[in-house]
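Chemist: Spelled out from the first residue to the last, the chains are:
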Amino acid sequence: MKILVIAEHDNQKLAPATAHALGAAKALGAAADVLVAGHGCRAVAEQAAKLEGVARVLLADSPALADLTAEALAAQALKIAKEYTHILVPATAFGKNVAPRIAALLDVAQISDIVKVIDADTFVRPIYAGNALATVRSSDPIKVITVRGTAFDAVADGGNAPIETIEAIAEPGPTKVVGREVTKSARPELTNARVIVSGGRGLGSAEKFHELLEPLADKLGAAIGASRAAVDAGYAPNDYQVGQTGKIVAPELYVAIGISGAIQHLAGMKDSKVIVAINKDPEAPIFQVADYGLVADLFQAVPELTQKL
Amino acid sequence: MKILVPVKRVVDYNVKIRVKPDGSGVDTANVKMSMNPFDEIAVEEAIRLKEAGVASEVIVVSCGVAQCQETLRAAMAMGADRGILVQTDVELQPLAVAKLLKAVVEKEQPGLVIAGKQAIDDDANQTGQMLAALLGWPQATFASKVVIADGKAVVTREVDGGLETLELPLPAVITTDLRLNEPRFATLPNIMKAKKKPIDTLTPEALGVDVTPRLVTLKVEEPPKRKAGVMVGSVDELVEKLRNEAKVI
Ligand SMILES: Cc1cc2nc3c(=O)[nH]c(=O)nc-3n(C[C@H](O)[C@H](O)[C@H](O)COP(=O)(O)OP(=O)(O)OC[C@H]3O[C@@H](n4cnc5c(N)ncnc54)[C@H](O)[C@@H]3O)c2cc1C
Ligand SMILES: Cc1cc2nc3c(=O)[nH]c(=O)nc-3n(C[C@H](O)[C@H](O)[C@H](O)COP(=O)(O)OP(=O)(O)OC[C@H]3O[C@@H](n4cnc5c(N)ncnc54)[C@H](O)[C@@H]3O)c2cc1C
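Respectively, the protein sequence lines represent chains V and H. According to my numbering, the residues represented by the first sequence are 1 to 309, in order. According to my numbering, the residues represented by the second sequence are 1 to 249, in order.
Keep in mind the hints are simulated off the structure, nothing from the lab. These numbers come from a predicted model, not from an experiment. Yeah, the Cβ is synthetic: ideal placement off N, Cα and C, and Gly gets one too. Certain hints may be false.
[Stated by the list, open to error] Keeping only pairs whose Cα atoms sit at most 30 Å apart, straight-line, the calculated DSSO-like set for lysine-lysine is:
#, chain 1, residue 1, chain 2, residue 2
1, H, Lys16, V, Lys273
2, H, Lys16, V, Lys308
3, H, Lys227, H, Lys2
4, V, Lys79, H, Lys16
5, H, Lys227, V, Lys273
6, H, Lys2, H, Lys152
7, H, Lys145, V, Lys208
8, H, Lys107, V, Lys308
9, H, Lys225, V, Lys273
10, V, Lys208, H, Lys241
11, V, Lys280, H, Lys241
12, H, Lys145, V, Lys13
13, H, Lys193, V, Lys26
14, V, Lys116, V, Lys2
[Stated by the list, open to error] Simulated restraints, written as ranges between beta carbons of each label pair:
#, chain 1, residue 1, chain 2, residue 2, range
15, V, Asp232, H, Lys107, 34 to 40 Å
16, H, Lys107, V, Ala30, 51 to 57 Å
17, V, Glu211, H, Thr203, 55 to 61 Å
Just chain H, same shape as in the assembly (with noise of 0.2 Å):
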């Protein structure tokens, strides 16, 4: 069984992102870039299930522009097999990148994608679910622990109540959740045995994808700041600001 795994290249986590004085987005220019973590967290249990012989192979997909090669290095470097660079500047919204991954499963026939539950830029929280409608495919988002055999997927998922396990048949789509595992780093060597992994690149035309977007953007500003606070020197003096400054309790 083959499995898919779509990555995303987005703005590092440890990056303070600055909004651009003319909000027309967010400054991406010089900060760097990584694989969103929680596609690192779905690379590392694709490469898992084929370390324990349920997986044969692990190709990588990323949507976007040329530097996303980046991105599949960095996997591959974790020990993804191949990967697939769907070419585009257009802005990709989660239905556009949903459509191009619908389009790559076609061509690949992968028993299992597993994607990232959100993007940490965007935030969406949507393509993993899109494309599992799109494919008519179960899916089982938000995943803690995942378990393979006999053509079925056993998922522990993290939800508001607590934890929900389901049971679905493959081929599935299932999303990451943070606790599922903690990705490998790459070693020296791996990072060198990538760069000689092969990468196809495709373009939306080429599959045949409209990927206009139906979101508009039409500006982007800094949320409000907050008041600037108080250090308290004691604890009675907290609580005393609590009750009669504040008045919450």
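So that you can see chain V by itself, here it is in the shape it has in the complex (with noise of 0.2 Å):
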């Protein structure tokens, strides 16, 4: 068995994710090269290094890979990707984008999302908006795998991994960055957030999400998530959507407010710990999955949580 990790960043920074692909490494039960493929990226690979179960870091330094684009970071990854049997990528944007590109050009298929390994061939992963629980068997040479972080523990620190630099792509591919826009937030991110307090279309305007959440948020130390409706009537910004299409996460506490509990919405959280919902209908689906549920007007409920936190 040979696994390799491929990290995900944006020239500066590891995202926290790769730490819970390298913990499906783990699991699989051998230490990762991984790969990390971008310009000017030397303190990313740093990160990696000092990670636990890292083998090697290979770093690929190009202005090629500069924009992270899925074109480019493929054509990186199949320079190497023969000598491993297996290839770890986060489910994230970044994951899901690149993945499906790696595993075509290998003609191998994909498993995406698995969230528990069972031996090296064998893997379960969530379908139908995690309503059922597939166990897969790939007969593939190489397995191309996307990581769900939530049901893999981020490896901690403390390794101390050699960087060796590898030869880089020149070509950049035709695909060009034009532009970014970064949801700034000074909050933890979603996905890895101890608590988070998301609401739903109940909320009914944009100033009222963030008057009602902000404060009960900055109360839980939380990050602040919602419901599609929420977002598509312009209350947050789409990475804050949880669900079957937007993130998925498994926090200690997960308030939900004003969202009622379509299936879609439940694949994203019915996996955290405690959930905690306020709904003024009783009927509201949401409340089957809540271990604590409040029947309340929240225009009223919220601000007395607030005060009383």
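From the two separate chains plus the hints, produce the assembled complex.
Modeler: This is how it looks when you write it as structure tokens:
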């Protein structure tokens, strides 16, 4: 078994999802090489080298990789992919974009969003918005896998792996990044937060969404999430969306406020340790997954909760 | 320019699926099937590009059982011009679908493929990227805005930290995210018209594609159920429980 983990980063910082992908490598039972492909990204390689369970960090640094496009990253990965039996990538927007491209170029299946390792060929993955769990076995010589971060603990710091520079691609490929709009927030990142306060259409407006949820999130040191309906209505930016087609989260505490609990939303949060729901409709499906349900008008209950914490 | 849109027949998103008691899969007999919601968005985007004079023809393709024809008809009722069914009873995995679509692309020579970002049954989120790789085409996944001009696509993508805008030369593959557009409803006259639109039926063999699954499903189970929770009567009680029982605050 030889494992390669593809690091997610922005040329400056290693994304925490990478440490969770290394957690899946650990479950497979071997140390992994980590590919850091980008431009001016030695600092990222240094961060990766400090993680536990890393055999080597392979640094590919080239202007052709600066934009971190799927085309360039896949071309870079292909240079070394055949040396490995398992290629692990976080199941994030980054990983989902690039992994299938690598798999197709290797003519192998991709195993999406695994939540459990059974053995070197066999994995468990959710299907139908997490309403079923499929155990699948791959017959391909190389397994290209995306890893659901909430299902594998991040490996700790404490490693000291060597960093080796490898030959980087020279051609950037046809796609150019012409704009980036990064949501700025001083709050913890959604997929890593210990507590999440999440708002739905019940908040009624962008003003109320922020006016009610920000102080509560401040008190709890929480990240803020949203339902699709809340994002569609413009209460919150797209990367706040929790659910089947948004982010998958599993915090210690998830507080759902004015969210009905559609299956697509539950798919993203039902593995949270403790779920609190505040909704004025006693029949709302969110109460079926909530550990603590409060039937109340959120415009009264939320300020009261904030004040009493 | 032709636009090709792959459309998948899936269990309707409102259906609460059931795992078969023998663990062999999900019960799809007698449940409502619909077009994958992301594919409706893809069809809508393609039709809008045709209405704007950017595209000349919208071709929809579905791979799978004979009933996928219904999905093709639904797309044509929205406004797609014609359909292609790649018919097979084999369980199709994304790599196989991507290879079939590649063969269709080589036949039809579209300037753009717009696919859904993921199918809501298998949630794989692979096919568009795989197709782009096999064709050697650029890709823009999770699109929330698409502008086509001067042989280029400028695509805004929903990514984890916010938004990213890519510029890519055509031909290319784009996959749709939820906020790209709101698909229209098919009107009755258009549903009638769609019945007369042509559907070509092909097979994997005729396209020379091996669709043998690479992944074997050993079993399908229900996820563990959450323990039933309690209803609290007041904010005070909620705070007390979170502090002393759940110990999370
Ligand atoms: C293909 C597809 C993918 C999807 N993916 C996602 C996804 O990733 N994430 C996601 O969240 N959704 C997703 N959805 C949408 C999902 O089906 C629901 O439409 C959405 O989750 C509803 O959001 P909501 O609960 O905020 O709104 P609603 O369902 O409208 O619920 C609002 C709730 O607020 C309550 N409320 C209203 N006023 C008050 C008040 N004053 N006090 C207390 N409670 C109040 C109401 O009782 C109601 O329960 C997807 C849908 C499709 C088709
Ligand atoms: C346990 C299990 C059993 C299954 N059994 C069967 C079975 O018996 N028979 C069967 O047919 N399938 C079966 N499937 C479904 C099959 O595995 C999926 O269709 C396949 O894995 C594709 O994944 P996806 O659609 O999630 O791909 P994604 O990559 O998520 O799809 C993305 C996009 O690709 C396009 N696309 C995908 N598939 C098609 C298609 N077929 N035609 C046109 N466009 C497409 C669409 O634009 C779609 O939005 C089964 C799945 C599971 C998990």
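Chemist: Taking the hints in turn, state whether each one holds.
Modeler: Each hint tested on the structure:
no., hint, in the structure
1, Lys16(H) to Lys273(V), "23 Å, holds"
2, Lys16(H) to Lys308(V), "38 Å, violated"
3, Lys227(H) to Lys2(H), "52 Å, violated"
4, Lys79(V) to Lys16(H), "44 Å, violated"
5, Lys227(H) to Lys273(V), "11 Å, holds"
6, Lys2(H) to Lys152(H), "14 Å, holds"
7, Lys145(H) to Lys208(V), "27 Å, holds"
8, Lys107(H) to Lys308(V), "66 Å, violated"
9, Lys225(H) to Lys273(V), "13 Å, holds"
10, Lys208(V) to Lys241(H), "26 Å, holds"
11, Lys280(V) to Lys241(H), "20 Å, holds"
12, Lys145(H) to Lys13(V), "28 Å, holds"
13, Lys193(H) to Lys26(V), "57 Å, violated"
14, Lys116(V) to Lys2(V), "18 Å, holds"
15, Asp232(V) to Lys107(H): 34 to 40 Å, "37 Å, holds"
16, Lys107(H) to Ala30(V): 51 to 57 Å, "44 Å, violated"
17, Glu211(V) to Thr203(H): 55 to 61 Å, "59 Å, holds"
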